[in-house]
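Engineer: Chain order of the listed sequences is A and B.
Just so you know, we're using the numbering used here here: the first sequence kicks off at 1 and counts up by one.
Just so you know, we're using the numbering used here here: the second sequence kicks off at 1 and counts up by one.
Quick caveat, the hints were computed from the structure, so don't treat them as lab data.
Beta carbons are placed, not taken as given, at the ideal position from N, Cα and C, and that holds for glycine.
Treat the hints with caution; some may be incorrect.
[Unchecked claim] Covered by chain B, per the in silico footprint, the following chain A stretches (three or more residues, Cβ under 8 angstroms):
1. 11-22
2. 155-162
3. 171-181
4. 303-309
[Unchecked claim] Here are the computed lysine-lysine pairs in the DSS-like style, where the Cα-Cα straight-line distance is at most 25 angstroms:
5. A:Lys135 <-> B:Lys93
6. B:Lys93 <-> B:Lys110
7. A:Lys325 <-> B:Lys135
8. A:Lys297 <-> B:Lys132
9. B:Lys3 <-> B:Lys93
10. A:Lys135 <-> B:Lys135
11. A:Lys325 <-> B:Lys325
12. A:Lys325 <-> B:Lys321
13. B:Lys110 <-> A:Lys93
14. A:Lys295 <-> A:Lys2
15. B:Lys110 <-> B:Lys59
16. B:Lys297 <-> B:Lys2
17. B:Lys29 <-> B:Lys135
18. A:Lys3 <-> A:Lys132
19. A:Lys297 <-> A:Lys132
20. A:Lys110 <-> A:Lys60
21. B:Lys93 <-> A:Lys295
22. B:Lys3 <-> A:Lys93
23. B:Lys321 <-> B:Lys93
24. A:Lys110 <-> A:Lys132
25. A:Lys135 <-> B:Lys325
Protein chains: 2
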Amino acid sequence: MKKVAIGIDIGGTNTVIGVVDREGNVLVKDSIATPSHGNVSLFVDEMTGAIRELLNSVKKLNPEIEILGIGIGAPNANYYTGNIEHAPNLSFKGVIPLVKLLETNFPELKAIAITNDANAAAIGEMIYGGAKGMKNFVVYTLGTGVGSGIVVNGDLVYGSDGFAGECGHTTIVSGGRLCGCGGYGHLEAYCSAPGMKRTAFELITKYNAVNSPLASKSFNDLDSKMIFDAAEGGDRVAQEVFELTGNWLGLGLANTIHHLSPEAIFLFGGPTAAGNYIFRPTIDSMEQHLLPIFKNKVKVLPSQLKAGDAAIVGASALVYKELEKQLN
Amino acid sequence: MKKVAIGIDIGGTNTVIGVVDREGNVLVKDSIATPSHGNVSLFVDEMTGAIRELLNSVKKLNPEIEILGIGIGAPNANYYTGNIEHAPNLSFKGVIPLVKLLETNFPELKAIAITNDANAAAIGEMIYGGAKGMKNFVVYTLGTGVGSGIVVNGDLVYGSDGFAGECGHTTIVSGGRLCGCGGYGHLEAYCSAPGMKRTAFELITKYNAVNSPLASKSFNDLDSKMIFDAAEGGDRVAQEVFELTGNWLGLGLANTIHHLSPEAIFLFGGPTAAGNYIFRPTIDSMEQHLLPIFKNKVKVLPSQLKAGDAAIVGASALVYKELEKQLN
Numbered sequence: 001m002k003k004v005a006i007g008i009d010i011g012g013t014n015t016v017i018g019v020v021d022r023e024g025n026v027l028v029k030d031s032i033a034t035p036s037h038g039n040v041s042l043f044v045d046e047m048t049g050a051i052r053e054l055l056n057s058v059k060k061l062n063p064e065i066e067i068l069g070i071g072i073g074a075p076n077a078n079y080y081t082g083n084i085e086h087a088p089n090l091s092f093k094g095v096i097p098l099v100k101l102l103e104t105n106f107p108e109l110k111a112i113a114i115t116n117d118a119n120a121a122a123i124g125e126m127i128y129g130g131a132k133g134m135k136n137f138v139v140y141t142l143g144t145g146v147g148s149g150i151v152v153n154g155d156l157v158y159g160s161d162g163f164a165g166e167c168g169h170t171t172i173v174s175g176g177r178l179c180g181c182g183g184y185g186h187l188e189a190y191c192s193a194p195g196m197k198r199t200a201f202e203l204i205t206k207y208n209a210v211n212s213p214l215a216s217k218s219f220n221d222l223d224s225k226m227i228f229d230a231a232e233g234g235d236r237v238a239q240e241v242f243e244l245t246g247n248w249l250g251l252g253l254a255n256t257i258h259h260l261s262p263e264a265i266f267l268f269g270g271p272t273a274a275g276n277y278i279f280r281p282t283i284d285s286m287e288q289h290l291l292p293i294f295k296n297k298v299k300v301l302p303s304q305l306k307a308g309d310a311a312i313v314g315a316s317a318l319v320y321k322e323l324e325k326q327l328n
Numbered sequence: 001m002k003k004v005a006i007g008i009d010i011g012g013t014n015t016v017i018g019v020v021d022r023e024g025n026v027l028v029k030d031s032i033a034t035p036s037h038g039n040v041s042l043f044v045d046e047m048t049g050a051i052r053e054l055l056n057s058v059k060k061l062n063p064e065i066e067i068l069g070i071g072i073g074a075p076n077a078n079y080y081t082g083n084i085e086h087a088p089n090l091s092f093k094g095v096i097p098l099v100k101l102l103e104t105n106f107p108e109l110k111a112i113a114i115t116n117d118a119n120a121a122a123i124g125e126m127i128y129g130g131a132k133g134m135k136n137f138v139v140y141t142l143g144t145g146v147g148s149g150i151v152v153n154g155d156l157v158y159g160s161d162g163f164a165g166e167c168g169h170t171t172i173v174s175g176g177r178l179c180g181c182g183g184y185g186h187l188e189a190y191c192s193a194p195g196m197k198r199t200a201f202e203l204i205t206k207y208n209a210v211n212s213p214l215a216s217k218s219f220n221d222l223d224s225k226m227i228f229d230a231a232e233g234g235d236r237v238a239q240e241v242f243e244l245t246g247n248w249l250g251l252g253l254a255n256t257i258h259h260l261s262p263e264a265i266f267l268f269g270g271p272t273a274a275g276n277y278i279f280r281p282t283i284d285s286m287e288q289h290l291l292p293i294f295k296n297k298v299k300v301l302p303s304q305l306k307a308g309d310a311a312i313v314g315a316s317a318l319v320y321k322e323l324e325k326q327l328n
């Protein structure tokens, strides 16, 4: 009998739902709008309907299929409580007991769990990806923000309140750039995609780089893909953006290693598509910032989750982790 | 029947051995010289003799006493292997299989384990001190260096290689002061006792503070106790040393919280005797550097281990943690 898990990725605009097999392949998926006016019960009803439809279509393909549970990735999701709590980028106000609501609608499922998207990425890496068999590793997700998921002794670290793994908000430049959270000098303000854009504008200004292709874009138009293309085309400003981003990220990774001594750190998200433009300076800087006992030991690897489906695949992996815990 | 554990603290000059009861009281203790010429077998023989003598004296007091095991705190000690590995401040060269050697001499004991002194302090805090019942907390030890021990889900974090918890070597000032390890800008270079002295000298220089009592001491003579006394006496330079030290330490603690979301962080060691001179600016800075979800949540507490015996008491606590693991 083939076993599958449902993965749900709740974003600010859309919520994507997929049925994922044990190898991390998405068999079918669907998308509904995330409400913009905070109507939770309507949202849960729509989600429930979409899940039922996906399950029916999967069962038509293979009547032997067993559905193990639902894993959800969402901003400000608290694994311990099963709630989404005061998410600034979602329209829901206050505390939404999403796991409880779905448990009522799907009493037949053995495991329903929620966590934030970076934690889901870490569990996805462990169940389906490059961290299979690893007991101590960390995932950094680079995108609009910088998130992280930490695994110690084979388990995700949730901390005392469910919110551990916010490495994007560690301070790497004391008194540095304003971060989206209101803090200063955070890793996210330097190593996210918007952080790279800010670095590009600093360098254009510093060098008065009128000949850089990046100089013809407005602050609001420039994105990290354009920086990558310019670097590939030989633009020195764009290449230096990657150097500096790697320097900052490597410092952050070294701080994480001095806390946790992981076997590997996985990098996930848009900016990692730049390959060695970002990996080489990151690893150089990380090694430079490490104590001798940690040097040349910790692997920095690209995530093995496929970019397009990673969010729902990662979320679905929560189900296997839950079932494993129930066995212990 | 009263149960006791043996705690051993291996320092550069002396090795202290104590018999510790379940409440963390040292019943008897003794001290032998740590060899300065790297003779390991002689050292283990002396240690074994001293342990046997202590046990005999304890059994004379109470013949009913049961000895559970031996816990050792030592620099560069690796919990996983039971070895002391390339410790720069000990005369032993290479890898010393200390746990194996003691197991041969004490086959009757159920648990013999080793870790570094900061990890031992964390386990001591959990078994005997202020962290009883806590599942997620961190201990920072401030002294000649800055060490740390991290507890997640009730277990000490050793990481992939046994060396996790080196928060003293996280970078808090990019490109900042030279650290004893050869790195730059590490927390230890600012928040250790020698780091506070360096801050004092920076401030004396900055303000040309000829009237500060600290200005009459040489760099090699000034210590953190003198800075505390000067602060108590109203010296503005000394008071600012504590402000700045707290600012840096608070930044480091915030970085730790963004990784692990602990319930509490305990501060241990000489500089913490300054009480609110160090705790207030540390907590202020930590709160200022935290994401809103973590603000006003994480306690910063003085260690509850008695200063004089803390090293052997902490080491002895390893025994209870080992026995607990053997039960699972």
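Engineer: Decide, hint by hint, whether the structure agrees.
Structural biologist: Here is how each hint holds up against the structure:
no.: 1; hint: 11-22; in the structure: violated (count 0)
no.: 2; hint: 155-162; in the structure: holds (count 7)
no.: 3; hint: 171-181; in the structure: holds (count 5)
no.: 4; hint: 303-309; in the structure: violated (count 0)
no.: 5; hint: A:Lys135 <-> B:Lys93; in the structure: violated, 31 angstroms
no.: 6; hint: B:Lys93 <-> B:Lys110; in the structure: violated, 29 angstroms
no.: 7; hint: A:Lys325 <-> B:Lys135; in the structure: holds, 18 angstroms
no.: 8; hint: A:Lys297 <-> B:Lys132; in the structure: violated, 34 angstroms
no.: 9; hint: B:Lys3 <-> B:Lys93; in the structure: violated, 36 angstroms
no.: 10; hint: A:Lys135 <-> B:Lys135; in the structure: holds, 19 angstroms
no.: 11; hint: A:Lys325 <-> B:Lys325; in the structure: holds, 18 angstroms
no.: 12; hint: A:Lys325 <-> B:Lys321; in the structure: holds, 22 angstroms
no.: 13; hint: B:Lys110 <-> A:Lys93; in the structure: violated, 55 angstroms
no.: 14; hint: A:Lys295 <-> A:Lys2; in the structure: violated, 43 angstroms
no.: 15; hint: B:Lys110 <-> B:Lys59; in the structure: holds, 18 angstroms
no.: 16; hint: B:Lys297 <-> B:Lys2; in the structure: violated, 39 angstroms
no.: 17; hint: B:Lys29 <-> B:Lys135; in the structure: violated, 31 angstroms
no.: 18; hint: A:Lys3 <-> A:Lys132; in the structure: holds, 19 angstroms
no.: 19; hint: A:Lys297 <-> A:Lys132; in the structure: holds, 18 angstroms
no.: 20; hint: A:Lys110 <-> A:Lys60; in the structure: holds, 22 angstroms
no.: 21; hint: B:Lys93 <-> A:Lys295; in the structure: holds, 20 angstroms
no.: 22; hint: B:Lys3 <-> A:Lys93; in the structure: violated, 54 angstroms
no.: 23; hint: B:Lys321 <-> B:Lys93; in the structure: violated, 29 angstroms
no.: 24; hint: A:Lys110 <-> A:Lys132; in the structure: holds, 23 angstroms
no.: 25; hint: A:Lys135 <-> B:Lys325; in the structure: holds, 18 angstroms
When the structure is compared with the earlier hints, violations turn up for hints 1, 4, 5, 6, 8, 9, 13, 14, 16, 17, 22, 23 and for no others.
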